[in-house]
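Given only the sequences and the hints, what does the whole structure look like? Please build it.
Residue numbers (the UniProt record's numbering), protein chains in the order written: chain A, 1 to 350; chain B, 1 to 253.
Hints are computed from structural coordinates only; laboratory data are not their basis.
Don't take each hint at face value.
[As the list claims (entries may be wrong)] Reference listing, derived: stretches of chain A covered by chain B, where coverage requires no fewer than 3 residues with Cβ under 8 angstroms from a Cβ of chain B:
| id | region |
| --- | --- |
| 1 | 15-26 |
| 2 | 232-239 |
| 3 | 251-265 |
| 4 | 301-308 |
All C-beta atoms, glycine included, are put in the ideal place defined by N, C-alpha and C.
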Amino acid sequence: MSPRTELEILSPGAFASIQDGGRRGHRRIGVPWAGVLDRRLMRLANALAGRTEDAAVIECFDGGLRLAARGGAVKIAVAGDTVLEHESSEGRRPLAPWRSVTLADGEQLRIRKMDGGRIAMVAVVGLEPPAVMGSASTYVRAGLGGVDGRALAAGTRLALTADAEPWGSDRVLTQPPAADPAPIRLVPGPQHDHFRPAALEALVGGEYRVTTEADRMGIRLEGATLEHTGAAEIVSDATVPGSIQVPGAGQPIVLLADAQTAGGYPKIATVISADLGRLAALRPGQALRFAAVTAAEGARIARAAEAETQALIASIRTLPPDGIDLVALYTGNLVDGVVHALAAEYRPLY
Amino acid sequence: MSFRVLDAGDAALTIEFGSIIDPALLAAVNALDAAIVRLQQAGGLPGVTETMPTFRSLTVFFDPLATDRDAVLGVLQPLIAAAGQGSPADGRHWRLPVCYEGEAAPDLAEVAQTLGIGTDEVIALHSGTEYLVYMLGFLPGFPFMGDLPERLRLPRRTQPRVRVPAGSVAIATGLTAIYPWESPGGWHLLGRCPVPLFDARRAAPSLLAAGDRVRFVPVSADECRALEAGLASADIDPLQWLDSTPSPAENAA
Chain A
1 MSPRTELEIL SPGAFASIQD GGRRGHRRIG VPWAGVLDRR LMRLANALAG RTEDAAVIEC
61 FDGGLRLAAR GGAVKIAVAG DTVLEHESSE GRRPLAPWRS VTLADGEQLR IRKMDGGRIA
121 MVAVVGLEPP AVMGSASTYV RAGLGGVDGR ALAAGTRLAL TADAEPWGSD RVLTQPPAAD
181 PAPIRLVPGP QHDHFRPAAL EALVGGEYRV TTEADRMGIR LEGATLEHTG AAEIVSDATV
241 PGSIQVPGAG QPIVLLADAQ TAGGYPKIAT VISADLGRLA ALRPGQALRF AAVTAAEGAR
301 IARAAEAETQ ALIASIRTLP PDGIDLVALY TGNLVDGVVH ALAAEYRPLY
Chain B
1 MSFRVLDAGD AALTIEFGSI IDPALLAAVN ALDAAIVRLQ QAGGLPGVTE TMPTFRSLTV
61 FFDPLATDRD AVLGVLQPLI AAAGQGSPAD GRHWRLPVCY EGEAAPDLAE VAQTLGIGTD
121 EVIALHSGTE YLVYMLGFLP GFPFMGDLPE RLRLPRRTQP RVRVPAGSVA IATGLTAIYP
181 WESPGGWHLL GRCPVPLFDA RRAAPSLLAA GDRVRFVPVS ADECRALEAG LASADIDPLQ
241 WLDSTPSPAE NAA
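Structure below.
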């Protein structure tokens with residue numbers, strides 16, 4: 001029997017966890033969906049790795065993730081606006097993101113930092129963590145899914161199944177999605193009538209800023225105060241990912257995948273599902289604007305976004321089998337040994 | 001019964017029967033929930049993925065790629081109209097042990113003082129009432145139960161705790177609850193329940209279901225520790241505290 005192949009987490013960076021499409025169907029007993037914060041990134045990463053679209057991935061926040069193949073070769077793909085580095089016995093070399101790569105035993109892959117956004121998804125061939133209540137997604141608060149219900153830690157070794165080797169050519173997304181600075185769209189309600197009319201205008205017309213309290217549960221914003229008409233309290237009812245809760249101080253909190261399933265603060269509006277990934281990717285200090293749409297418009301936007309995602313997946317190309325990385329070739333410096341001093345991968349780390 | 005439809009984004013909507021905590025509203029919520037689950041199982045609600053019943057409203061989650069708000073509402077209208085005649089769910093009855101002593105009850109003395117009664121009376125009132133599980137939410141398996149006797153009613157703590165230990169039995173604003181997990185929390189902690197309320201390995205991970213009824217039975221700190229040990233080693237089955245077993249809505253779903 002060959003030794004078991006593992007993927008070792010050398011460093012998880014700021015926060016990394018195993019996620020998939022989420023733990024659906026249990027909100028009625030208080031279990032949030034969890035799951036990836038950006039479904040499109042998960043689907044692209046898995047498509048690049050030749051996996052099913054909602055296979056479990058490693059979701060990483062703010063870069064810093066370092067991985068190593070142990071006991072055999074490991075095929076990996078990274079989706080997200082990252083600065084990647086591949087490390088082998090021949091040294092370190094930058095690697096274009098949005099592609100798959102095979103790490104030989106002992107080789108490492110580093111997400112040095114994010115060039116844009118906060119979220120990257122790492123798809124790994126053979127990563128098949130056991131499902132808990134129908135999903136492998138990590139939900140730390142109740143210790144569900146992932147590796148013992150916890151975030152990934154340095155030294156964690158993920159056992160990989162032996163499937164699909166040899167894997168064939170690597171794949172690349174030649175035109176990755178660009179960052180979209182358009183306003184985040186929301187549907188007013190369910191409790192917008194608990195606020196003065198000026199509050200919704202302020203939310204939609206004003207500029208808000210992401211605070212340092214931003215994680216998988218939600219994002220606290222700061223900006224114009226949203227005034228309630230009465231008490232800043234309701235009899236607890238259901239929240240959804242995207243709910244914008246407003247506690248007494250009048251500063252909004254947008255709930256995300258890991259948020260509690262019920263809450264007692266009035267919810268002035270709900271961010272549409274197509275824009276939640278874009279919101280979760282905003283960094284503390286970054287400014288954003290909201291725009292109001294109807295629920296029906298939100299559904300139309302969801303369908304348009306789905307068509308875009310499918311077009312992106314369809315555009316994934318095979319890299320030539322001789323290993324020449326055309327993307328790196330066309331975007332990099334063509335003279336060996338000369339580095340582009342201004343390229344992202346040579347900027348100092350912050 | 002009157003109701004309102006509230007938008008909850010492009011992938012959910014909420015049917016709201018009222019704005020207060022009232023068993024009659026809960027009966028309508030649970031009747032609508034059961035009707036939707038039945039229709040879903042019969043394939044009559046394509047695109048609807050799950051429902052979340054609460055004290056006074058039902059939130060319906062759907063896939064915006066498969067359906068939309070108006071299509072879902074069109075199918076729900078007759079079910080909503082019928083739900084107003086719903087009668088209270090026939091839930092199970094539980095008798096759960098609670099230790100109201102020492103460090104298990106960090107707020108007991110203060111609560112007694114605020115209410116102007118003795119600690120024994122607080123315990124007698126809290127354990128002398130049968131509570132209805134209105135809903136589960138906030139945390140996996142967290143039961144919102146009511147109603148507290150009038151004399152035990154007080155607002156949340158002005159300063160919420162950063163860390164409420166798992167198993168804490170708490171009261172606030174006419175309700176009582178058990179924290180299944182360590183979490184921040186603003187309720188007053190009267191005791192500790194050794195029975196795990198949530199276990200992902202069980203077929204029904206949440207011990208309690210909406211519509212169940214719960215009574216608390218005071219146990220000593222020593223008994224509580226012994227129960228905890230027995231439960232941890234699986235020598236004790238949590239179902240032993242079940243008094244009667246009509247089929248709960250949760251298991252039917």
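So, going through the hints one by one against the coordinates:
no.	hint	verdict
1	15-26	holds (count 3)
2	232-239	holds (count 5)
3	251-265	holds (count 4)
4	301-308	holds (count 4)
This entry satisfies every hint, going by the numbered hints stated previously.
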